[in-house]
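**Q** Here is how the chains run, residue by residue.
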Amino acid sequence: MTVIEKQTLIGKPIPKLDAPKKVTGEARYVQDIELPGMLFAKILRSSRVHARIVRIDTSAAKKLAGVHAVLVAADTPGVPLGHGKDNPPLKGDKVRSLRDEIAAVAAESVEIAEEALRSIDVEYEDLPAVFDPNAALLDDAPVIHEKHPDNIPFTYEYGQGDVARGEEESDVVLEDRFSLHFVTHCCMGVSGVLAQFDAEDNLTVYSQTQVPFLYKKDIAPVIDVPPEKIRVIQPTIGGGFGSKLDIYPFEPICILLARATRRPVKLTFTREEEFIASPTRQPVELRLRSGVKQDGTLTFRDVSTVHDNGAYTSWGATTPFVIMQTISSLYRVPHCSYRTTVVYTNNPYSGSFRGFGNLQATFAVESHMDQLAEAIGMDPLAFRLHNAQKAGETTPQGMVFRSCGLRECLTRAAEKSDFVAKHARYRKGQEGPIKRGVGIASLLHVGGGAKIYRSDGCGTMLKIDDYGHVTVFTGASEIGQGSETVIAQLVAEELGLPMSSMRVVNDDSELTPWDVGVHASRTTFIAGNSAQRAARKARAKLLDAAATKLGLRPEELDLREGHVTRADTGEALLELPRLIRSLHFAKKSEVVMTSEYYEPPSVAQDKEFKGNVSASYAFGTQVVELAVDTETGVIRIVKVTAAHDVGRVINSLGIQGQIEGGVAMGIGYAITEHLLVEDGVIRNPCFRDYKIVTAPEMPELDMHFIETLDPEGPSGAKGVGEAPAICISAAIVNALYNATGKRFDSLPLTPERVLRGLKDH
Amino acid sequence: MSLEKEIRFVLNGTPTTAAVPVTMSALAMIRDRLKLTGTKSGCEEGECGACTILVDGTSVNACLMFAVDCDGRELVTIEGIRTADGLSPLQQLFVEDWAVQCGFCTPGMVMQGTYLLSQNPEMSVEEIQRGIEGNLCRCTGYKKVIDAIAGALAK
Numbered sequence: 001m002t003v004i005e006k007q008t009l010i011g012k013p014i015p016k017l018d019a020p021k022k023v024t025g026e027a028r029y030v031q032d033i034e035l036p037g038m039l040f041a042k043i044l045r046s047s048r049v050h051a052r053i054v055r056i057d058t059s060a061a062k063k064l065a066g067v068h069a070v071l072v073a074a075d076t077p078g079v080p081l082g083h084g085k086d087n088p089p090l091k092g093d094k095v096r097s098l099r100d101e102i103a104a105v106a107a108e109s110v111e112i113a114e115e116a117l118r119s120i121d122v123e124y125e126d127l128p129a130v131f132d133p134n135a136a137l138l139d140d141a142p143v144i145h146e147k148h149p150d151n152i153p154f155t156y157e158y159g160q161g162d163v164a165r166g167e168e169e170s171d172v173v174l175e176d177r178f179s180l181h182f183v184t185h186c187c188m189g190v191s192g193v194l195a196q197f198d199a200e201d202n203l204t205v206y207s208q209t210q211v212p213f214l215y216k217k218d219i220a221p222v223i224d225v226p227p228e229k230i231r232v233i234q235p236t237i238g239g240g241f242g243s244k245l246d247i248y249p250f251e252p253i254c255i256l257l258a259r260a261t262r263r264p265v266k267l268t269f270t271r272e273e274e275f276i277a278s279p280t281r282q283p284v285e286l287r288l289r290s291g292v293k294q295d296g297t298l299t300f301r302d303v304s305t306v307h308d309n310g311a312y313t314s315w316g317a318t319t320p321f322v323i324m325q326t327i328s329s330l331y332r333v334p335h336c337s338y339r340t341t342v343v344y345t346n347n348p349y350s351g352s353f354r355g356f357g358n359l360q361a362t363f364a365v366e367s368h369m370d371q372l373a374e375a376i377g378m379d380p381l382a383f384r385l386h387n388a389q390k391a392g393e394t395t396p397q398g399m400v401f402r403s404c405g406l407r408e409c410l411t412r413a414a415e416k417s418d419f420v421a422k423h424a425r426y427r428k429g430q431e432g433p434i435k436r437g438v439g440i441a442s443l444l445h446v447g448g449g450a451k452i453y454r455s456d457g458c459g460t461m462l463k464i465d466d467y468g469h470v471t472v473f474t475g476a477s478e479i480g481q482g483s484e485t486v487i488a489q490l491v492a493e494e495l496g497l498p499m500s501s502m503r504v505v506n507d508d509s510e511l512t513p514w515d516v517g518v519h520a521s522r523t524t525f526i527a528g529n530s531a532q533r534a535a536r537k538a539r540a541k542l543l544d545a546a547a548t549k550l551g552l553r554p555e556e557l558d559l560r561e562g563h564v565t566r567a568d569t570g571e572a573l574l575e576l577p578r579l580i581r582s583l584h585f586a587k588k589s590e591v592v593m594t595s596e597y598y599e600p601p602s603v604a605q606d607k608e609f610k611g612n613v614s615a616s617y618a619f620g621t622q623v624v625e626l627a628v629d630t631e632t633g634v635i636r637i638v639k640v641t642a643a644h645d646v647g648r649v650i651n652s653l654g655i656q657g658q659i660e661g662g663v664a665m666g667i668g669y670a671i672t673e674h675l676l677v678e679d680g681v682i683r684n685p686c687f688r689d690y691k692i693v694t695a696p697e698m699p700e701l702d703m704h705f706i707e708t709l710d711p712e713g714p715s716g717a718k719g720v721g722e723a724p725a726i727c728i729s730a731a732i733v734n735a736l737y738n739a740t741g742k743r744f745d746s747l748p749l750t751p752e753r754v755l756r757g758l759k760d761h
Numbered sequence: 001m002s003l004e005k006e007i008r009f010v011l012n013g014t015p016t017t018a019a020v021p022v023t024m025s026a027l028a029m030i031r032d033r034l035k036l037t038g039t040k041s042g043c044e045e046g047e048c049g050a051c052t053i054l055v056d057g058t059s060v061n062a063c064l065m066f067a068v069d070c071d072g073r074e075l076v077t078i079e080g081i082r083t084a085d086g087l088s089p090l091q092q093l094f095v096e097d098w099a100v101q102c103g104f105c106t107p108g109m110v111m112q113g114t115y116l117l118s119q120n121p122e123m124s125v126e127e128i129q130r131g132i133e134g135n136l137c138r139c140t141g142y143k144k145v146i147d148a149i150a151g152a153l154a155k
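Chains as they are written, first to last, in the working numbering: chain A, 1 to 761; chain B, 1 to 155.
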């Protein structure tokens, strides 16, 4: 008798499924794809920040040998795109920022296309411009969009409790301003797209989008192609981090060129273009008042912010949704008010970026938590623990914490980093120019999707062939995060099959079922639940068939290592492929195929922004230990201790990778990265001058996973993709304060800015 | 059109000839002429390392080298690392250690790692970190890349 032990894949260090293709260079990114007869496109961008276009002459470009099409706004449907639908792909009447697209060329080579662009003659009439959002709010400010003469596309107001009462109950009230800067995604693979129409006007677009199904719906009117005639193929995507959540002008431009030429057309950015013409993280000015009682109980938060929207409205304008969650619900705060004004300027426009407003909010809130603790003479850890929520609580904003590991995260990160003792020791003062400091900060983020559309669901289809090979068709896009591996693990676990039997199809809208897209740290939770449930249906089907065949009950059986076994003894009874073949060849033959559409039990927020918008919430605490040279201003991050409530680890390597990458990105935001925008002009559009974190700058990283086993998560897991980048900048300024006694209220902490800050003291 | 020159070199072990414009980079030749797209173009100004190849055994940013300067040299690209027996030990460790996320920097990282291993079989972690300083990665935070290279040292 062969006995097969029960084994699990959950929590195991399973290699990423697509890694072999990536380590050999086989993986094909959009830049690597060529189709017969393919043309190359380039875009002419505005050379003015705010101007009327008086005349645009493309006649010389059209005459150039090798040029197949030249488009200006008049040649397009003129339907605006983007989250705010205020951004026509080609601008005809006026330009509002330096990146504005005004003409495009498709030619036989990139060089010819570039030469054609140089021959286009544009006459501008400059308009007064505005770059400071506060200045854009003044009565006599230049108007960016005629539809919004006040330059305000959006405002948000949120309240809970009664701030005045909270203030009365406070023993200490602090008010401070925080200012956050422009940064950008820096995906290693630059933006690009390839479009092709067939003889029946069906469009195939090779897109890097991280939201393929919403993409079809949103781009359809802009290109005047019905969504059902659009097929989205996602080649391997060279990084997303939120940047591919919206549609930007280059994609419809390329598609319109493909239609004009009846040839496949590819458009790829240069790195300089990527810096200039892809979205940014939204800069935020934030005024925060917080109160506390002498016993350490938080009483209120009162926040107002001004967001620089830039010239057009992409997802950056909606980050207040996330900012208000941290304001209202990171720690217990009975009374809260929050007001945001989103303001058009002639600056680059902001998109969504990992953390989605939460880096900015958490920087302010967690800086203030340390300031409040100090004001009442309480240890920063004890103060946070005093105000931290527990599982089972519902916050005043309506967020239901079915699982909540915030206290465990705080305790574990503090213990493992020896935070309390070091914090007390370093603050007493240190000899010599190099000072050490420790800082702590926590985070709250959605971990079970976010219901911002009518559905926050994901579809899965699953089939098992007669060799026991499983193909999982998932709506979930893969942008490097490892979703395909996690989905395969969850399916393999249910079906008792090895990872080598799994194939995940996730890159072609003709084949894959609907999904909202990769955002809000939702894929493991939502797509994972969907895949797990589809697999459970297949499992039930197989066990039923096996039970009939073997004369046993399904409950007496299990699936292990490609076999049907007895559940109790593990005795192997039947090879799975043999069972499946017997189904194919039976009198009432059938194939093993299942499907599932998982909709999380969350709700859209009401008009007051209240409601349980996510099916689960992620928490985390990071402690930073740093050394700052007070003579040069150089900060060295010595160690990061990160404790994250991840629900449950599905893949130990994948989740470490998310934390490591998020910490690196967060350190970049805090210390090295700054997109310098002066009068609407990006001054540092290259990696030489825009510094992302490099290998020698990575500190020691001690990671701890708090497994709270979320009741709704797949095998207990919750989303963690964005979380690790969110709170580290606050932990860094808190550590810098611990080291030097100087509080920094803006980023980045470059040596020059640190030195200046220390001298002002 | 710019002047073209015929060059001969060894590419991944195979004698190769190409007629290339004198203004063309080695990267453009490899990707656009020879259609080996495993070598990635990340910035075209020597800042990101995605296009790292080996030229006579030394790691080079292919975007900063003229194609004509490949004449008479021995080039290895990512396509030349995998052998008939399978992945190289370093590639295998990149897979096992999850040193890959979006994968765009990966070919360059593997090439640089291969070069470092050929130069110094007894590197410290700090030396590995410095050795890949010119290879930017936005996904991994470098930790698992360093683990993979360090692991290959032990093999």
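If you're looking for bench data, these hints aren't it; they were derived computationally from the structure.
Honestly, I wouldn't trust all of these hints.
Stated by the list, open to error - Derived pair list, reagent style DSS-like, types lysine-lysine, alpha-carbon separation capped at 25 Å: (1) K5(B) <-> K21(A); (2) K21(A) <-> K155(B); (3) K639(A) <-> K587(A); (4) K463(A) <-> K587(A); (5) K639(A) <-> K6(A); (6) K537(A) <-> K607(A); (7) K12(A) <-> K35(B); (8) K691(A) <-> K12(A); (9) K6(A) <-> K549(A).
**Q** Against this structure, judge whether each hint is valid.
**A** Hints versus structure:
no., hint, in the structure
1, K5(B) <-> K21(A), "34 Å, violated"
2, K21(A) <-> K155(B), "23 Å, holds"
3, K639(A) <-> K587(A), "65 Å, violated"
4, K463(A) <-> K587(A), "20 Å, holds"
5, K639(A) <-> K6(A), "39 Å, violated"
6, K537(A) <-> K607(A), "38 Å, violated"
7, K12(A) <-> K35(B), "38 Å, violated"
8, K691(A) <-> K12(A), "35 Å, violated"
9, K6(A) <-> K549(A), "22 Å, holds"
Comparing the model with each earlier hint shows violations of hints 1, 3, 5, 6, 7, 8; every other hint is respected.
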